[in-house]
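S.K.: Based on the sequences and whatever the hints tell you, model everything.
Number of protein chains: 2
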Amino acid sequence: MEKVYLLSAAQTPFGRLEKSGRDLLVEACVRAIECAGITPKDIDAGYVANSFGFVEWQSHYGPILMSTLGNPDAPCMTVASACASGSSALHEAYMGIAGGFYDCVLVAGFDRIEVKDTTKLTTYFTMGCDRVFEAENGATFPGLYALMASEYIMRYGATEEDLAHIAVKNHSNALHNPVAHIQKKISVEDVMNSPYIARPLKLLDCCPFSDGAAAAVLCSEGFIRRFRGERIRVVASSLTGGEITLHTRGDFTTIPSAVRAGKDAFRQARFTRKDIDMLEVHDCFTVAEAIALEDLGFAERGKGAFLAREGVTAIDGDIPVNPSGGLKAKGHPVSATGVAQVVEVYEQLMSLAGGRQINGAEVALTHNVGATGGSCAVHIFRRVK
Amino acid sequence: MEKVYLLSAAQTPFGRLEKSGRDLLVEACVRAIECAGITPKDIDAGYVANSFGFVEWQSHYGPILMSTLGNPDAPCMTVASACASGSSALHEAYMGIAGGFYDCVLVAGFDRIEVKDTTKLTTYFTMGCDRVFEAENGATFPGLYALMASEYIMRYGATEEDLAHIAVKNHSNALHNPVAHIQKKISVEDVMNSPYIARPLKLLDCCPFSDGAAAAVLCSEGFIRRFRGERIRVVASSLTGGEITLHTRGDFTTIPSAVRAGKDAFRQARFTRKDIDMLEVHDCFTVAEAIALEDLGFAERGKGAFLAREGVTAIDGDIPVNPSGGLKAKGHPVSATGVAQVVEVYEQLMSLAGGRQINGAEVALTHNVGATGGSCAVHIFRRVK
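Protein chains in written order, with my numbering: chain W, 1334 to 1718; chain E, 1334 to 1718.
Simulated from the structure, these hints should not be mistaken for laboratory data.
Accuracy of the hints is not assured; some may be wrong.
A pair holds if it fits inside one copy or across any two, identical chains being indistinguishable in the list.
[What the hints assert, rightly or not] Computed list of lysine to any residue pairs in SDA-like fashion (alpha-carbon distance at most 25 Å, straight line): (1) Lys1352 x Arg1582; (2) Lys1374 x Thr1581; (3) Lys1517 x Gly1490; (4) Lys1607 x Phe1387; (5) Lys1352 x Asn1470; (6) Lys1636 x Thr1372; (7) Lys1374 x Arg1593; (8) Lys1352 x Glu1469; (9) Lys1636 x Gly1476.
M.R.: Below, the structure is given as structure tokens:
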């Protein structure tokens, strides 16, 4: 296997944006290419993660992107795995370089849904779960994650306030992230007083629907030799599958695909949990961050929900989680998210994170989940000299 | 690089089918798995090509497929590149095995659009071209390929009758293909008397809209050792990109991405054109078959349109082209097509093609184009002992 490096990562702001999806895609890629200090012609291949292109009656974004960038010869396909689309694209790029096929790969993810009506957007999102056995029976994502939260609270004695602390922490982090969708400080009371969406999850337990795009440039060791200075190596890339439906699983308080992806990633990297300086995890709902920390081995079963309250996962805590603000406050443009997590990793490991900088961060992990765990990808990154 | 083998390939019938897309997907995969003589648990990873899942409000088909098959742990993502989606999935599977990441990969492609209104379907198809610069200006695929055909006819003195012979030949081949969408013999007069869709292309110059699914199992040399008998090796897998828009290209009578993919595939395989016993090429319109033969080096520039009339590309000709019936008569369920071409290769190289069998076929090439050439993949297969 060839070594794989993260040369750059950049993104558009996240939010409700009055630009087309394709414009957002190109904007993020231009930023990443400029950040990398390369030209578009250096790119051997691309992967574009996208889920909702059909709302602008467009697919085949790969050649649209590469033609716009001025390097149409490079192959570039669309990949999708619901909310794990971005990290799936990253995984394919990793394999392309590690396998010796490519030297420089552009990875991008974006989504933009013009519709701003929450009911309709929730319907769009259900495309990622099982239409026949879940969505058509009323099980939307807030409902599915509420089942997980209920079971979690009942089994482990966690409270809704414990989960609220996760939202408060991620909103606090996003105050220092200029590209975050929601840059608004909230209190535990604010969360507790927000209306129930699907009991026990309230409005402020849920991530927003966002528009946005993110991009990263991955390259081989041979390619990165032309650049001086510190660099970031991708030391693990693990992609797993899981049961698409929640009701076919024995336990709602864990995501088995995440457990396996985490174990596999640590095996690839030959790291232990103690080596990790920061995590970006898939907090589509507050409870998802608690479960992620347990699935990845950073908390014992039933203890993940208490770490935000205890300050352990704060930027200055023992194991900072979602310094970007996470899906919860940075935002969640479905297929951009897995790549946007890498943008945070890049900025943290290169000491570019400003007011949310984690001192001395050298090793970072990203965790990106599709639907309720039908797909999961875990990547580990390390700054090297 | 590890050697990559094609263990099996199978498909559903193509046509207007009263089954959901997901049912078609699973059906094709079950057939391919049974044909391979493996169990679903043998599969390390999957790739599902799909473009129009949104019409049944479903994405994330990977875990739906793997959960249905009883192997939910295997990662499985969706890939898309318009009409080259199937071969893009194949390429990713090839890289996964050649790069040493996987031993056994399931590749599937399917599409099913419930709408049967031609105008609406043509609109759906335009998602693969450039929405802003082509579709919104009225340039649908029949129109775009008609520009190519006009230029071809003007430049090279080919006639509409020459192109009609391509349709007649492919319809004739499909008479022997039980899964073909259109099993109806036609004459040159039938083509010439069919109504113009976009001059000079007439109704019978165009492939149909089809529903359907196809699947293939690829594996490593280590994996295939458990099986006896003849086997098929994937000796080349090349994926390229090209300008998304037709109007930005200097020449409408060639598809540059296909020229590059072909050259690269022959370089990988270390074969010459004379080594190839049969081709499955992307004949979405009759003129596309003529151009494909030239782009791949099987005909001189301006001569590809005459080969069907001369009998060169017939099943018993010097270089049989589209023995399956091609997109023209076998049918074109967008994302299934690239995988379905491999089904024909499998049946021909394993001498299972019945009335359309090419005697002694040992080496086959597939050519799958996305849109007017924004993407192209060429694969070469060889039967080995």
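S.K.: Now, for every hint given, state plainly whether the structure supports it.
M.R.: Status of the hints after comparison with the structure:
In the homo-oligomer, the alpha carbons of Lys1352 and Arg1582 never lie at most 25 Å apart, since the shortest distance is 40 Å inside one protomer and 27 Å across protomers. In this homomeric assembly, Lys1374 and Thr1581 come within 25 Å of each other (Cα to Cα) only across copies, at 18 Å, whereas the closest approach inside a single copy is 47 Å. Proximity of Lys1517 and Gly1490 under a CA criterion of 25 Å is satisfied in neither setting, with 29 Å inside one chain copy and 68 Å between copies. Proximity of Lys1607 and Phe1387 under a CA criterion of 25 Å is satisfied in neither setting, with 43 Å inside one chain copy and 43 Å between copies.
In this homomeric assembly, Lys1352 and Asn1470 come within 25 Å of each other (Cα to Cα) only across copies, at 20 Å, whereas the closest approach inside a single copy is 34 Å. In this homomeric assembly, Lys1636 and Thr1372 never come within 25 Å of each other (Cα to Cα): the closest approach is 47 Å inside a single copy and 39 Å across copies. When the C-alpha separation of Lys1374 and Arg1593 is checked against a cutoff of 25 Å, the pair qualifies only between copies, where the shortest distance is 16 Å, while the shortest distance within a copy is 37 Å. Taking identical chains as interchangeable, the C-alpha atoms of Lys1352 and Glu1469 lie at most 25 Å apart only when they sit on different chains, with a minimum of 17 Å there against 32 Å within one chain.
Proximity of Lys1636 and Gly1476 under a CA criterion of 25 Å is satisfied intra-copy only: 23 Å inside one chain copy versus 62 Å between copies.
Violation of the numbered hints given earlier is confined to hints 1, 3, 4, 6; the remaining hints are satisfied by the structure.
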